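Trainee: Each chain, written out:
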Amino acid sequence: MKFTEEHEWIREEDGVYVVGITEHASEQLGDVVFVELPEEGMEVTKDEDICVIESVKAASDILAPLDGEIVEVNQAIVDDPGKVNEDPLGDAWFFKMKVTDLSPMDDYMDEAAYKKFIG
Amino acid sequence: MVELQHTPLFELHGELGAKMVEFAGYSMPVQYPLGVMKEHLHCRAEAGLFDVSHMGQVVLRGADAAARLESLLPQDVIGLKEGRQRYGFFTNDDGGIEDDLMFANRGDHMLLVVNAACKDADVQRLKAGLEPDVSVELLVDRALLALQGPEAAAALAALNPEVAEMRFMDVLTVDLAGAECWVSRSGYTGEDGYEISVPSEAAEVLARALLSDERVEPIGLGARDSLRLEAGLCLYGHDIDDATTPVEAALTWGIQKVRRAGGDREGNFPGAPVVLGELAKGAARKRVGLAPEGRAPMREGVELFASEEGGEAVGRVTSGAFGPTLGRPMAMGYVPADLSAEGTTLYGDVRGKRLPVTVAKLPFVAANFKR
Numbered sequence: 000m001k002f003t004e005e006h007e008w009i010r011e012e013d014g015v016y017v018v019g020i021t022e023h024a025s026e027q028l029g030d031v032v033f034v035e036l037p038e039e040g041m042e043v044t045k046d047e048d049i050c051v052i053e054s055v056k057a058a059s060d061i062l063a064p065l066d067g068e069i070v071e072v073n074q075a076i077v078d079d080p081g082k083v084n085e086d087p088l089g090d091a092w093f094f095k096m097k098v099t100d101l102s103p104m105d106d107y108m109d110e111a112a113y114k115k116f117i118g
Numbered sequence: 000m001v002e003l004q005h006t007p008l009f010e011l012h013g014e015l016g017a018k019m020v021e022f023a024g025y026s027m028p029v030q031y032p033l034g035v036m037k038e039h040l041h042c043r044a045e046a047g048l049f050d051v052s053h054m055g056q057v058v059l060r061g062a063d064a065a066a067r068l069e070s071l072l073p074q075d076v077i078g079l080k081e082g083r084q085r086y087g088f089f090t091n092d093d094g095g096i097e098d099d100l101m102f103a104n105r106g107d108h109m110l111l112v113v114n115a116a117c118k119d120a121d122v123q124r125l126k127a128g129l130e131p132d133v134s135v136e137l138l139v140d141r142a143l144l145a146l147q148g149p150e151a152a153a154a155l156a157a158l159n160p161e162v163a164e165m166r167f168m169d170v171l172t173v174d175l176a177g178a179e180c181w182v183s184r185s186g187y188t189g190e191d192g193y194e195i196s197v198p199s200e201a202a203e204v205l206a207r208a209l210l211s212d213e214r215v216e217p218i219g220l221g222a223r224d225s226l227r228l229e230a231g232l233c234l235y236g237h238d239i240d241d242a243t244t245p246v247e248a249a250l251t252w253g254i255q256k257v258r259r260a261g262g263d264r265e266g267n268f269p270g271a272p273v274v275l276g277e278l279a280k281g282a283a284r285k286r287v288g289l290a291p292e293g294r295a296p297m298r299e300g301v302e303l304f305a306s307e308e309g310g311e312a313v314g315r316v317t318s319g320a321f322g323p324t325l326g327r328p329m330a331m332g333y334v335p336a337d338l339s340a341e342g343t344t345l346y347g348d349v350r351g352k353r354l355p356v357t358v359a360k361l362p363f364v365a366a367n368f369k370r
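For the record, the sequence lines run as chains X and D. The opening residue of the first sequence carries number 0 in numbering that gives the first Met the number 0; numbering runs sequentially from there. The opening residue of the second sequence carries number 0 in numbering that gives the first Met the number 0; numbering runs sequentially from there.
None of these hints come from the bench; they were simulated from the model. Accuracy of the hints is not assured; some may be wrong.
As the list claims (entries may be wrong) - List time: in silico BS3-like cross-link candidates among lysine-lysine, alpha-carbon distance up to 25 Å:
1. K80(D) x K352(D)
2. K82(X) x K369(D)
3. K18(D) x K114(X)
4. K352(D) x K56(X)
5. K18(D) x K115(X)
6. K56(X) x K37(D)
7. K56(X) x K18(D)
Predicted, not measured: the structure shown is a model, and the values here were computed from it.
With these hints in hand, go ahead and build the complete structure from the sequences.
Mentor: Written out as structure tokens, the structure reads:
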């Protein structure tokens, strides 16, 4: 599993890459009340805003961490946004993507480096 | 950077694990470890304790204090009986609202509670308007706590049973945890509850006594905001300000008959021609409740349109959030009078998309006062 400075995690699973937000991010956001996900089949570019997440405090964007295509989104967190606070690293993943350029993965942090990053 | 002021409960907030933010020059708790959503729901289900010591407490003394205060606001102050409190607002010459406040008749003096961000300006306004016949004192040695929720009465009565008999908007001096407190049965959540003025040095002891009751949780400014919005209550500087009149703000219920056209003490407050004129003919725009049809919150600043495409903005959201008790987003804002009827569909621009929003009845969650 890799982590971005935008507090997203990326995990490879059967050839596709699953993306979600970190526990630290969910704690900082506070109670999540709204999630908007991209369309399945959408072509995305690294650092493009593709999801919106709103907590009791504010709205934030979720960026595509890599170039590729969205192949599946997690409707369960749209129906019950509170899941993002309950299980951010597990059931509350955001989307799965087919990746066309994996090179940015080398720059992303492993768990130890991310822990250091958030202090 | 200006040093933030602390309330007498600052140390306690730290001990309780509060996340502190700047608010009106004070370091205030925005949430505790429970989090905004659970704090909100707890307050509606049981009882919540709020530190609102940043607000201004002002004492007016003088034979004509009530009559003189009437020259600064459109409320019936003279008719307010001893031991009772009333909601009011200072107006300016254009009929705009300079601040909203609570004022109480405490027998030999009047006690005002005003917004933190406005308190210095309010004291200036009061001194300019009332001195030297009436003395104006901003109290700096008292904290203000609010205890709100359906279990608030039982929790406070455990410290002194006298408070159980109070009705909504009664004020009383009572001993709580060994200190002389000035208690009113009122609040800013739509729930039954109390606001308690306590000497600064006794505030922490009182707060700890209340928090030791298992029904009571500390509640931060985050939940205070969603609670008051569900209750349809205005936040000064957002839903009302010096450019919104009481009629536009749908606060006409707060202007008693005696101060209106034909009343014994008609007008004679700043902006009276504007306010009385609007009371007679209506205002061009109105503050309304807004219920977004989807799940996306419409926050302060969202522009409102009459149609899904084209046209100029017709209004603006002034407060918006997710309502934890309501289970969906809610907002308030200003719209033209002809688009203010309940059920009118408007469109709010959220991130470039116009999403439907319906003009809705206020409050979103019914009040639970002990009348």
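Trainee: Hints first: check each against the structure and report whether it holds.
Mentor: For each hint, the structure was consulted:
1. Pair hint K80(D) plus K352(D) does not hold up; C-alpha atoms about 52 Å apart against a cutoff of 25 Å.
2. The straight-line distance between the Cα atoms of K82(X) and K369(D) is roughly 37 Å, outside the 25 Å bound, and the hint therefore fails.
3. The hinted pair formed by K18(D) and K114(X) meets the criterion: a straight-line CA distance of about 21 Å does not exceed 25 Å.
4. With a C-alpha separation of about 21 Å, the suggested pairing of K352(D) with K56(X) holds against the 25 Å cut-off.
5. Between K18(D) and K115(X) the alpha-carbon distance is near 22 Å, which keeps this suggested pair within the 25 Å criterion.
6. Distance hint between K56(X) and K37(D) is fulfilled; the C-alpha atoms sit about 14 Å from each other, no more than 25 Å.
7. A distance of roughly 13 Å separates the Cα atoms of K56(X) and K18(D); the hinted pair therefore holds under the 25 Å criterion.
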